[in-house]
Amino acid sequence: MTDNTNAQALASREYKFGFVSDVETEEFPRGLDEDIVRRISAIKNEPEFVLEFRLKAYRHWLTMKEPTWALVDYPQIDFQAIQYYSAPKNKGDGPKSLQDIDPELLATFNRLGIPLGEQQRITGVAVDIVFDSVSLGTTHQAELEKYGIIFCSLSEAIQNHPELVKKYLGKVVPYKDNYYATLNSAVFTDGSFCYIPKGVRCPLDLSTYFRINAAGTGQFERTLLVADEGSYVSYLEGCTAPQRDENQLHAAVVELIAMDDAQIKYSTVQNWYAGNSEGKGGIYNFVTKRGLCQGKNSRISWTQVEAGSAITWKYPSCILQGDGSRGEFYSVALTNNKMQADTGTKMIHIGKNTRSRIISKGISAEQSSNTYRGQVKIMASAEGARNHSQCDSLLVGDQCSANTFPYIEVKNNSAVIEHEATTSKISTEQIFYLKSRGLEEEQAIGLLLNGFCKEVFKELPLEFSVEAVKLLEMKLEGSVG
Amino acid sequence: MSETTRQFESAFQSLVNDAQWTPAWLKDLRQTSFEQFAQAGLPSRQIEAWKYTSTRSLNESPFALGHASAIDAETLAARSVAGASRVVFINGIFNAALSELPTDVSITDIREALDTDREMVMPCMSAEDDSLVSLNQAFFSSGVLIKVNKNVTVAKPIQLLFLQDAQSETVLISPRNIIFVEAGAQAQIIESHFGDTKNFTNAVTDVFVKDNAVCQYVLERVLGSETKYVSRHSFHLARDARIETFNLALGGRLNRSQLEFRLNAPGASAKLDGLYIARGDNHIDNVTEVLHLAPHTSSAQLYKGILEDKSRGVFNGKITIVKDAQHVDAQQLNKNLLMSREAEVDSRPQLIIDANDVKCSHGATIGQLDEQELFYLQSRAISLEDAKRMLAKAFIGDVVGRVSGNHFTKHLQDVLQSFGGGAQ
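Protein sequences appear in the order of chains A and B. Taking this note's numbering, the leading residue of the first sequence gets 1, the next gets one more, and so forth. Taking this note's numbering, the leading residue of the second sequence gets 1001, the next gets one more, and so forth.
Note that these hints are calculated values from the structure, not bench results. Just so you know, not all the hints are guaranteed correct.
Part of the chain A face toward chain B, derived, beta carbon under 7 Å [stated by the list, open to error]: (1) Glu145; (2) Asn403; (3) Phe405; (4) Val410; (5) Ile417; (6) Glu420; (7) Thr422; (8) Thr423; (9) Ser424; (10) Lys425; (11) Ile426; (12) Thr428; (13) Glu429.
If you're wondering where the values come from, they're calculated on a predicted model, not measured in any experiment. C-beta: ideal position from N, C-alpha, C; glycine also.
Chain A extracted, bound-state conformation (with noise of 0.2 Å):
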């Protein structure tokens, strides 16, 4: 049923964010030693404790083996060739405002479809903007003052704020971690860094967006959100990078803290560029996120659509804590040519009467491969601890793989925990109905998917949504038949 020529259309479609833009940038040498990580803090005047976190991070780092666990293949990464600061050189003393923003710059935002000028902000979000390695400007800054919320830069936050910084750095993944995120502890040049007051219901959602775009660099980036009592935030993050043969590193740690009662609705669509047909190129996305449900009645949910990167190594997790907190996990994870996804969440269940769901839809196609990893585990103190996980893979063509790993550990007698997995393909008595109802063989497929994967799109925003739909649709495009 495949029709070869709509194959190959899909294999050369383009990435049409891969372009790059020819911004001049202040860089630091190829290589990493304790010199580079007191340079990054140096050139961001951070104070004491910050480059004590890094270099007691970079310390550990080098004690530390890469891990081999995950399902994923790929040669070995030389971290002395990668560049670990790259920054848009600013014209004077850094951007005062938007205003002074690199005109090339906004132009490479606008392409991206991020309107980063004030004047053409898209209404109800404020966004932060990440350029390899430094934040280049928020929106809406003052708007989110009057309620007393902070979201800026990380650098930003560690001049303005360094008592919040202080307190919840590193609080949820420790520097310790895991090698990436030791590597990201040392190394980390920015990120958003976002703070809810209490009783604050955000009115904006806040986006991060993160463009990787110097070659030769990695990107490290460190968001760090904070949600105290009672509060609620909508919180998108995007990402692109330019299209080139060499494997990029992207290592970020992303850190979510609720407090009592308070909501955290964490939403990616990643669309890193994944390579081309024959697996070149790419980016290598090893990303920690974790959320710490500290708070009674918290509740963090994580939404992601992985459309991107040649290698996705990412668990968002949640850690609850509190009495009654809840944590939810939403993803489509979406791999072709020679993609390679090992993805799922952990859900550490440590308070009473906590709740978790994980919703995987894994769709792979061409010779990539997609894994589902995921823990649960109830601990002895979680009494009524409830867990509900549903996987199902579709498969897109012979040549892929699905693997599903799920880690169930009960400690608990009161626990109820259900987990249910699928693997099929596209059935093909579904897309003939469809098309004997008028449909076109493409729209019927896209019909399919959107029903296969509904359940996690209306997590999103819907903006988000709308874009998710259709970026699973153009990656899609000519592969199912």
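Chain B: place on chain A using the hints.
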């Protein structure tokens, strides 16, 4: 010699130096295998398949070889499956007097078979990356080669009955069985291990089911709170072959089975049923690995467990479908009932799928008895204890009901009854 393998050293020396157990030509195989084992050591929890199971209980005392011993008629009768032929081993040593060998099947002692049926047996004796298989290969002194000839339907089930008798030392029992069910043949095999000692059984079995043959295989372990048992079974299925397994694990300090199914040719199918009940500080680990190596193969598994007291149950089920093995149907379900606050269960159902036109699903549930159901039964004047027992019995009812063969059904009821606890 690593620290963890030292306790096997002296038993090994007495085994290789005893010509009765180690004829000259066997010496090399034993020696190499033991070296391989010593090099690798006992599996550590760093190994993914052993993530939830520790072999620490095997380090407590040095192991000795078993001695021939007797068993009273009553015990023998209680443990035998009525109406079945039987091959009895006590402390790992074949006991001819208590055995009742079938007439329609050829059964040979495994060491003898190494001599007489070399070309059949030797391919199974290969160096593997599983250190416990190496350990078995170094030590095996009992077990059988069973040959069911072409198109023969074996009249009676064959029970391989491994009994234990407490000795002053801790005994290492290493059974090695190889079973051929030739084309078109049918056989029912029941491998039973009973023991309430501190002994350690390390069993390895290969079963070859040829074209159109059908084999029912029951693996039954009823162990005391100090008894240790690990095993690896490999089932090799040819075209249109069928295997039906029932895996019963009751008790045991360490009670781990690893069942590997290789569906090598189209039409092969496997049914995997399992039941495990643990209490006290029992530890039961079930590993199943189904390899769909050819198109049009199917497998269905249902494993149920009841965990009481401080016991721990593990289910590690893996289904692999290789590239081009299209039109495969593979189902897997694991359900667990936690009867106590301190019981623990770890379930890991895994799917590895490299073909697209397949139907595959797995599920796992972990829960407790329903409070409303308990309340209802109590409101009908049934005591809490009885109500729990009734509901637990109902929980395992479907998997028990899937056991076919009248001979074994009766035996299973008796065994569950005498094991007691939640499943009476």
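*Could you tell me which of the numbered hints above are not met by this structure, giving the numbers in increasing order?*
1, 11, 12 and 13
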